[in-house]
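Student: Residue numbers (my numbering), protein chains in the order written: chain S, 3 to 150; chain Z, 6 to 373.
No lab work stands behind these hints, which were simulated from the structure alone.
Treat the hints with care, since some could be wrong.
Said to hold, decoys possible - Think about it this way: if two alpha-carbon atoms lie no more than 20 Å apart in a straight line, the pair counts; the simulated EDC-like pairs of lysine to aspartate or glutamate are: (1) 47/Z <-> 138/S; (2) 47/Z <-> 137/S; (3) 143/S <-> 86/Z; (4) 78/Z <-> 150/S; (5) 78/Z <-> 144/S; (6) 47/Z <-> 144/S; (7) 130/S <-> 86/Z.
Claimed, not checked - Stretches of chain S that chain Z covers, calculated by requiring three or more beta carbons in the stretch to come under 8 Å of a beta carbon on chain Z: (8) 29-35; (9) 105-119; (10) 130-143.
By construction, the Cβ of each residue, glycine as well, lies at the ideal position given by its N, Cα and C atoms.
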Amino acid sequence: MSEKIVLTCSDGTEFVVDEAVALQSQTLKHMIEDGCADNIPVPNVTAPILAKVIEYCKRHVASADPNDADLKSFYEDFVKVDQPTLFDLILAANYLDIKNLLDLTCQTVADMIKGKSPEEIRTIFNIKNDFTPEEEEQIRKDNAWAFE
Amino acid sequence: MADWSRLPYDIIHKVSTHLIAIEDFLAFSAVCCSWRSVYLAKQWHPGCQIPLLMFSDYENSSSRSFFSLYRNKVCNSELPEARSKRCWGSSSGWLVTIGNDLKIHLLSPFTHVSVSLPPKSSLRVHFGEILDWCDIIEKAFVFRKPCTTDANEDDMVVMIIYGPLKQLAFCRPGYSSWKSIKTASYGGIIDVAYVRDQIFALNIMGVLLVIDIDIQTVNNISFQQSAMHVASSLPHWDWDQLFLVESSGNLWMVCQDRSGSRIESVKFWVHSFDFNRRRWIRLSNLGNHTIFVGDSYSVSISGADCSNCKSNSIYFVDKKSEQRWPCREVHVYVGVYNMATGISEQLSFSPDTPISCSFPLWVTPTLH
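Chain S extracted, bound-state conformation (with noise of 0.2 Å):
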């Protein structure tokens, strides 16, 4: 019979996984293995995160075999989130270490990105330009053949 893990998360509400399902995260594994397998606080991932980081270790437990479609549609819709989640979950897995989930963010992002200019990309994802002009020079000088 499968182990269960309590994981709490940041507000305080409790998961209760199957042991496999947190074995996805390596930094959980390793708690595991130190023996604080009761209740393990997850402080920095809030509810709504850590309930879909384990959507997706449930998952990836059921199958991990690449070649499935419908674990690829599965994926896809995954990452059908806001920006907001997308990063939580950027976040989340890093902190987490689930190297796949961690994958599937990452390149979900460098899609967003390609193809676009500078300009684009900054109002996508609402990030304000810091450079200083001379920076702003420089990079114009040497990389805008790339984008402009």
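With chain S's structure known, arrange chain Z on it following the hints.
Tutor: Frame of chain S; chain Z shown alone:
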């Protein structure tokens, strides 16, 4: 509120590893200071890049236009070092340039680094008086053998086909003179390629030669079947239209058939050299490779299938030149040949019709 500029470096770096085209990476690196850190730390390594097409220069202009197949756009870049010079591209990203002062240089067009090479005066050109300065060198190549221990110690060899007799000479940066290679007994050389650490040359008789520059030997390796034998069985073949290409460790020969005057009638045949049987074998399919051929150098890249750059295709630059003293007007068009359908079509963008001795050439973009 998600502040994307405040992502930790590791994540910014990870996102950059999912960017393939240099142009995407450079746009990404121009968004904000934190996103530029990967570029500044030189921690992004380009894979196979789709080459850009660099146009001839206009008179009175120090900038050059580049056509990016990836973005389907023409862009400009200041390149005063190439002004009024004839250039040749290479897959290492370096250009070889010669000016009317007969000085020869290596130029990196995107980083503006320039390296002097030995002057033309160190080349003995038979019957050289009948040539213009821009015709002395027929083709130039830069071969780069990476050094496993230190990237600054890469072995770079510059090789040229020069003179009316189409001889070969080479040098390395730092040499005081060009060294000629004795291929006289084999006649003129058409094209050169660097495959599996060896230099191969095709001569006008269709013989494939392997050249060792360090021990100065030239050997015929295709005595059983010459390329001319292969190529002459193709309709309307001629010298201008044979290219040697290195492709993922293989040596390919691309033959272009320019029988009609319309771009749609241009056709290509590709053969691969079987080193064991010393024969050219016809290829009907390039797999996931794309070949770029032109006046300057030919290159094959793999895995570039995207909306603007198709695999199993050959992109070519062709020209109709009308020689009118003192200038040569060159009308250029760029087309793509689909190996599967056997049909060529013209790419639609607006190239210039420049007046210069410098033909458009494929240039591989580089970062540093």
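Student: Taking the hints in turn, state whether each one holds.
Tutor: Verification of the hints:
The straight-line distance between the Cα atoms of residue 47/Z and residue 138/S is roughly 19 Å, inside the 20 Å bound, and the hint therefore holds. Annotation: proposed proximity of residue 47/Z to residue 137/S holds, straight-line Cα distance about 17 Å (limit 20 Å). A C-alpha spacing of about 15 Å is found between residue 143/S and residue 86/Z, which places the hinted pair at or below 20 Å, so the restraint holds. Among the hinted pairs, residue 78/Z with residue 150/S is consistent with the structure: their alpha-carbon atoms are about 9 Å apart, no more than 20 Å.
Of the supplied pair hints, the one linking residue 78/Z and residue 144/S holds, its CA atoms being roughly 18 Å apart against a limit of 20 Å. At most 20 Å may separate the alpha-carbon atoms for a hinted pair to count; residue 47/Z and residue 144/S meet this at roughly 14 Å. Taken as a hint, the residue 130/S and residue 86/Z pair is broken in the structure, with Cα atoms around 35 Å apart against an allowance of 20 Å. Interface restraint, the stretch 29-35 of chain S with chain Z: violated (0 residues with C-beta to C-beta distance below 8 Å; minimum three).
Figure legend: the stretch 105-119 of chain S, annotated as covered by chain Z; annotation consistent (11 residues with Cβ-Cβ distances under 8 Å, at least 3 required). Taking a C-beta to C-beta cut-off of 8 Å, the stretch 130-143 of chain S contributes 7 residues in contact with chain Z, enough for the three needed, and the coverage statement holds.
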